[in-house]
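Whole structure, please, built from the sequences with the hints as guidance.
From first to last, the protein sequence lines stand for chains L and R. Residue numbers for the first sequence follow the numbering used here, so the first one is -6 and each next one is one higher. Residue numbers for the second sequence follow the numbering used here, so the first one is 478 and each next one is one higher.
Hints listed in this document are in silico derivations from the structure and should not be mistaken for laboratory results. Some hints could be false.
Below, computed lysine-lysine pairings styled on BS3-like, alpha-carbon distance capped at 30 Å [claimed, not checked]: (1) R:Lys591 with R:Lys581; (2) R:Lys600 with R:Lys611; (3) R:Lys581 with R:Lys658; (4) L:Lys98 with R:Lys637; (5) R:Lys496 with R:Lys485; (6) L:Lys98 with L:Lys21; (7) L:Lys21 with R:Lys545; (8) R:Lys495 with R:Lys750; (9) R:Lys591 with R:Lys703; (10) R:Lys703 with L:Lys98; (11) R:Lys637 with L:Lys90; (12) R:Lys703 with L:Lys111; (13) R:Lys592 with R:Lys703; (14) R:Lys581 with R:Lys646; (15) L:Lys21 with L:Lys85; (16) R:Lys545 with L:Lys33; (17) R:Lys485 with R:Lys502; (18) L:Lys21 with R:Lys637; (19) R:Lys545 with R:Lys592; (20) L:Lys50 with L:Lys124; (21) R:Lys637 with R:Lys703; (22) L:Lys111 with R:Lys637; (23) L:Lys33 with R:Lys703; (24) R:Lys592 with R:Lys581; (25) R:Lys600 with R:Lys495; (26) R:Lys658 with R:Lys495; (27) L:Lys21 with R:Lys703; (28) R:Lys611 with R:Lys646; (29) R:Lys646 with L:Lys98; (30) R:Lys703 with L:Lys69.
Given the structure is predicted, the values throughout are model-derived calculations rather than measurements.
Residue strings, one per chain:
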Amino acid sequence: MATISFDLVSPENLVFNDEVGTVIVPGKDGDLGILPGHSKVMSSLRPGRVMVYSEDKNLIKSFFVSGGFVEINPEKCIVLAESVVEVNSLEKTSIEKEIQELENKEGKESEEQLSAAKAKLEAINVNYYDKI
Amino acid sequence: MPSLKDIKTQINSVGSTKKITSAMKMVAASKLRRSQEKAEAARPYSSRLEEMLSSLASSAASGEGVIKLLTGTGNDQNYIVVPVSADRGLCGGFNSSINRETFKLVKSLEGNGKKVQLMPVGKKSRDFFNRVMKDQIIESFVDLNISSTGYESALNISNKLQELYFDGKFDKCILVFNKFKSAISQEVTQQQLIPLDVSNSEKEEEKENSSNAIYDYEPDEETILKDLLPKNVSIQIFKVLLESDAGEQGARMAAMDNATRNAGEMIDSLTLKYNRTRQAFITKELIEIISGAESI
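As structure tokens, this is what we get:
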């Protein structure tokens, strides 16, 4: 079976770079499942999970991204994310605390942070896409 | 004539200076490697972003909202100049060349009847412009420590700039920074940050169009562009900060290397002087003894 090359890039470093079977990214208008030979697409991302699968559809890694962009062509998929955390390393209690703190604040900036934190929490809780 | 003891103390003090400068050189060298790695690691992101931006730039038809970051305000009366210097000295001409260049730029812009404001980054340029053009500084950023804080501090600067821009406080933003050429040479560079300088990205666009088919955009080109432009500003600042950091370490390394070598030369010449004086002293004593013995 074919593979597609997948890069996950944050401003500070190259987080992930390998040949993979499938990638699922949180596109702004809905999740995008990317298989080898995907047509050319450029999309912006909402906060959510980027899931990486091997050729035989086993989940290799899942990351939380706080937004960014994806560029897809038949051979390559590149995700430019502003902040990248591996989902396994996120801690539920500390995020819940962050949400509580942010809820008491006002202003546009903390609102954005709040929605990102909520998305983070959701990323830990949900388990769909774990098996495809 | 200095006594033997005086010369001895002088040699010792130059010796300890030499120790300090050579230690600073080593520290700078190891920091340089780290900063260089950081700068390298940031490159894929910024180059991808630039590619995406250049393929989208053509769709910026209207000059409303965020798109203004690309098209400009239509004026060029108010400038903001951002000199990027280091927080610390002892790195040769690194800081003073930034300050001099910025000063020249500001004067020439003012000579053309523009209004210029300053937003220095780094202690050394802040202190300098606090002395010479205090009332033109609107904000300053110091103690960024870019190699440990990373992207966050670049984001702060970029947010502040964009806030001012959309308030109509300025029309053009120019960065003045040390471009990292190699470990021993830096080049003072001016880069126009806002509105985005498309002259070189246009070239890339042609290249891209010839080699690539057209992309599908989701949601649509304009929405993506609106997300992309503010990020591009931050990432450009981030890149500049990293380059300047690497340049600073390189400049310090070179300066300290020179200082160490100078101290070595100085010790050599002082030692020579010490030995000569000692010899002259002995000769003098001998003459005294001999002439004393003769007179008896």
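Tested hints:
Restraint check for lysine 591 of chain R and lysine 581 of chain R: the C-alpha separation of about 14 Å stays at or below 30 Å, so the hint holds. Pair hint lysine 600 of chain R plus lysine 611 of chain R holds up; C-alpha atoms about 14 Å apart against a cutoff of 30 Å. The hinted pair formed by lysine 581 of chain R and lysine 658 of chain R meets the criterion: a straight-line CA distance of about 22 Å does not exceed 30 Å. Taken as a hint, the lysine 98 of chain L and lysine 637 of chain R pair is honoured in the structure, with Cα atoms around 20 Å apart against an allowance of 30 Å.
For the hint pairing lysine 496 of chain R with lysine 485 of chain R, the CA-to-CA distance comes to about 17 Å; that is within 30 Å, so the pair holds. Restraint check for lysine 98 of chain L and lysine 21 of chain L: satisfied, since their Cα atoms lie roughly 26 Å apart, inside the 30 Å limit. Of the pairs offered as hints, the one joining lysine 21 of chain L and lysine 545 of chain R holds, with about 23 Å between alpha carbons and a cut-off of 30 Å not exceeded. In summary, the hint linking lysine 495 of chain R to lysine 750 of chain R is supported, as the alpha carbons are separated by about 19 Å, within the 30 Å threshold.
Under the criterion of a C-alpha separation no larger than 30 Å, the hint pairing lysine 591 of chain R with lysine 703 of chain R is consistent with the structure, at around 29 Å. The hinted pair formed by lysine 703 of chain R and lysine 98 of chain L meets the criterion: a straight-line CA distance of about 26 Å does not exceed 30 Å. At most 30 Å may separate the alpha-carbon atoms for a hinted pair to count; lysine 637 of chain R and lysine 90 of chain L meet this at roughly 28 Å. The hinted pair formed by lysine 703 of chain R and lysine 111 of chain L meets the criterion: a straight-line CA distance of about 24 Å does not exceed 30 Å.
Restraint check for lysine 592 of chain R and lysine 703 of chain R: the C-alpha separation of about 28 Å stays at or below 30 Å, so the hint holds. Using a Cα cut-off of 30 Å, the hinted pair lysine 581 of chain R and lysine 646 of chain R holds, with the two alpha carbons roughly 22 Å apart. Restraint check: the Cα-Cα separation between lysine 21 of chain L and lysine 85 of chain L comes to about 25 Å, which is no more than 30 Å; the hinted pair holds. The hinted pair formed by lysine 545 of chain R and lysine 33 of chain L meets the criterion: a straight-line CA distance of about 28 Å does not exceed 30 Å.
With a C-alpha separation of about 26 Å, the suggested pairing of lysine 485 of chain R with lysine 502 of chain R holds against the 30 Å cut-off. Distance check on the hinted pair: lysine 21 of chain L and lysine 637 of chain R sit about 26 Å apart at the alpha-carbon level, within 30 Å; holds. Between the alpha carbons of lysine 545 of chain R and lysine 592 of chain R the distance comes to roughly 20 Å, so the proposed pair stays at or under 30 Å and holds. For the hint linking lysine 50 of chain L to lysine 124 of chain L, the alpha-carbon distance of about 8 Å falls within 30 Å, and the restraint holds.
The straight-line distance between the Cα atoms of lysine 637 of chain R and lysine 703 of chain R is roughly 18 Å, inside the 30 Å bound, and the hint therefore holds. Using a Cα cut-off of 30 Å, the hinted pair lysine 111 of chain L and lysine 637 of chain R holds, with the two alpha carbons roughly 26 Å apart. Distance check on the hinted pair: lysine 33 of chain L and lysine 703 of chain R sit about 20 Å apart at the alpha-carbon level, within 30 Å; holds. Restraint check for lysine 592 of chain R and lysine 581 of chain R: satisfied, since their Cα atoms lie roughly 14 Å apart, inside the 30 Å limit.
A distance of roughly 26 Å separates the Cα atoms of lysine 600 of chain R and lysine 495 of chain R; the hinted pair therefore holds under the 30 Å criterion. At roughly 28 Å between alpha-carbon atoms, lysine 658 of chain R and lysine 495 of chain R fall within 30 Å of each other, so this suggested pair holds. This hinted pair checks out: lysine 21 of chain L and lysine 703 of chain R have alpha carbons roughly 13 Å apart, not beyond 30 Å. Proximity of lysine 611 of chain R to lysine 646 of chain R is assessed by CA-CA distance (about 18 Å); at most 30 Å being required, the pair is judged to hold.
With a CA separation close to 28 Å, the supplied pair lysine 646 of chain R and lysine 98 of chain L stays within the 30 Å bound. Of the supplied pair hints, the one linking lysine 703 of chain R and lysine 69 of chain L holds, its CA atoms being roughly 24 Å apart against a limit of 30 Å.
In the structure shown, no violation is registered for any of the earlier numbered hints.
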